[in-house]
Amino acid sequence: MEPNDARLRAGLTFFGRITANMTHEIKNVLAVINEISGLFSDLCTAAERGRPLDPAQLARLSGKMCEQIQRADGVVKRLNRFAHSVDSPCQAVDLQEMLELFSNLTRRLSEQKSVTVTVRTSDPACTCGTDHYGLLLLLFLGLEMVWENVEKGSSVTLFARGDKDSATVGFECPVLRPLAPNPEKKLFWDSWLAKMNATAAAPGKSGALEITLPRGLV
Amino acid sequence: MAKGKVLLVDDNKDFLDVLSTRMEDKGLSVETAVSGPEAIKKTQEDSYDAIILDMVMPEMDGIETLERMLAKNPELQVILLTGHASLEKGIEAVKMGALDFLEKPADIKALMTKIQEAKAKKALIVEKRSAKRIHDILGTKGW
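Protein chains in written order, with our numbering: chain A, 1 to 218; chain B, 219 to 361.
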């Protein structure tokens with residue numbers, strides 16, 4: 001596969017994976033709302049047959065429905081922010097916000113791999129002029145390496161830092177093997193690093209994967 | 219008398235809570251589990267007419283849970299619930315021995331029909347096993 005094709009393929013695969021994950025979460029919320037709606041209907045039918053309604057139960061169900069609606073709203077907002085990450089090939093990206101978005105977009109996927117991801121607060125805050133979508137994609141390729149090379153039940157920390165000329169984002173975690181892309185993903189990884197003018201370092205068992213890119217402040 | 223005993227398995231506690239209330243109102247006896255390992259343990263300790271199993275869960279997904287459950291008890295009647303129209307996963311599950319799969323959000327009537335189907339199928343298996351046992355005993359007596 002040509003590097004250009006690999007980059008396109010990796011981009012599409014990532015977009016598909018994240019949107020599939022988010023729509024799955026929305027389906028789960030709809031399933032709960034469906035059951036709550038059904039239970040309201042069941043209670044109305046029972047009331048018509050003489051069973052008294054329990055206001056406390058109705059209030060509880062109403063509260064649950066509100067929670068689910070807020071949950072779905074959160075999912076849709078994150079999906080929308082993700083969709084807008086492709087708006088421009090270069091934009092000012094708040095790295096802390098980006099890591100929080102990334103963590104939320106991929107939380108359920110990491111849970112399925114029995115890995116917990118937390119975000120370390122960057123101090124001071126760090127902004128980078130870069131391809132927002134490209135950076136999220138590189139992080140995702142990095143996260144896939146983490147899933148493949150850590151023990152189940154591991155905790156992983158996402159971090160960001162910057163200096164005058166460059167910004168670094170990455171993972172810290174105890175690893176079973178040095179973090180590196182598997183042969184299938186190596187072309188994707190290399191082609192996107194090249195496109196972003198970024199470098200990657202994975203210093204063995206100390207358990208970090210760092211992606212460094214030009215600060216490119218707009 | 220309960221219309222059947224069901225184990226609901228899903229990592230979403232709100233979903234379990236509301237669906238189990240609805241099923242109990244319809245006369246079923248319902249237990250719940252929030253993970254594959256918990257569900258497997260329950261199926262080893264108790265008997266159920268049907269197991270309603272979510273396809274996607276952390277730690278152990280529905281397919282792996284189904285595989286491990288059936289390895290220990292091939293007579294279990296399992297209905298998978300999938301949050302997306304994953305026909306391939308559903309077919310895979312049925313080939314592995316699941317009774318059927320339904321897409322979330324599931325219609326309660328369709329779910330109840332499946333549960334009764336599971337209960338009937340389980341009763342038939344038990345009946346056949348009893349008949350075979352009787353036949354074998356009679357055989358040893360030379361009848």
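Just so you know, the hints here were simulated from the structure itself, not pulled from any lab data. Since we're looking at a predicted model, the values are computed, not measured. Just so it is clear, CB atoms sit at the ideal spot from N, CA and C, and this is done for glycine as well. Treat the hints loosely; a few may be bogus.
Footprint (simulated), chain B over chain A, 3 or more residues, beta carbon under 8 Å [claimed, not checked]:
hint : segment
1    : 22 to 31
2    : 36 to 48
3    : 61 to 69
4    : 103 to 114
Here are the in silico distance ranges between beta carbons for each label pair [said to hold, decoys possible]:
hint : chain 1 : residue 1 : chain 2 : residue 2 : range
5    : A       : G16       : B       : G315      : 17 to 23 Å
6    : A       : G16       : B       : K231      : 26 to 32 Å
7    : A       : T19       : B       : G315      : 30 to 36 Å
8    : B       : M314      : A       : K152      : 21 to 27 Å
Outcome of the hint check:
With 6 residues carrying a beta carbon less than 8 Å from a beta carbon of chain B, the segment 22 to 31 of chain A meets the three-residue requirement, and the given coverage holds. With a threshold of 8 Å between beta carbons, the proposed coverage of the segment 36 to 48 of chain A by chain B holds, since 5 of its residues qualify and at least three are required. Counting residues of the segment 61 to 69 of chain A whose beta carbon lies closer than 8 Å to any beta carbon of chain B gives 4, which reaches the threshold of three, so the coverage claim holds. Evaluation of the coverage hint for the segment 103 to 114 of chain A: fulfilled, as 4 residues show C-beta separations to chain B shorter than 8 Å, against a requirement of three.
In this structure the hint that A:G16 and B:G315 lie 17 to 23 Å apart at CB is violated, the actual value being about 31 Å. Between A:G16 and B:K231 the beta carbon distance is about 29 Å. The supplied range of 26 to 32 Å therefore holds. The supplied range of 30 to 36 Å is met by A:T19 and B:G315, whose beta-carbon atoms lie about 32 Å from each other. Between B:M314 and A:K152 the CB atoms are about 23 Å apart, so this pair conforms to the stated range of 21 to 27 Å.
Consistency with the previously given hints fails for number 5 only.
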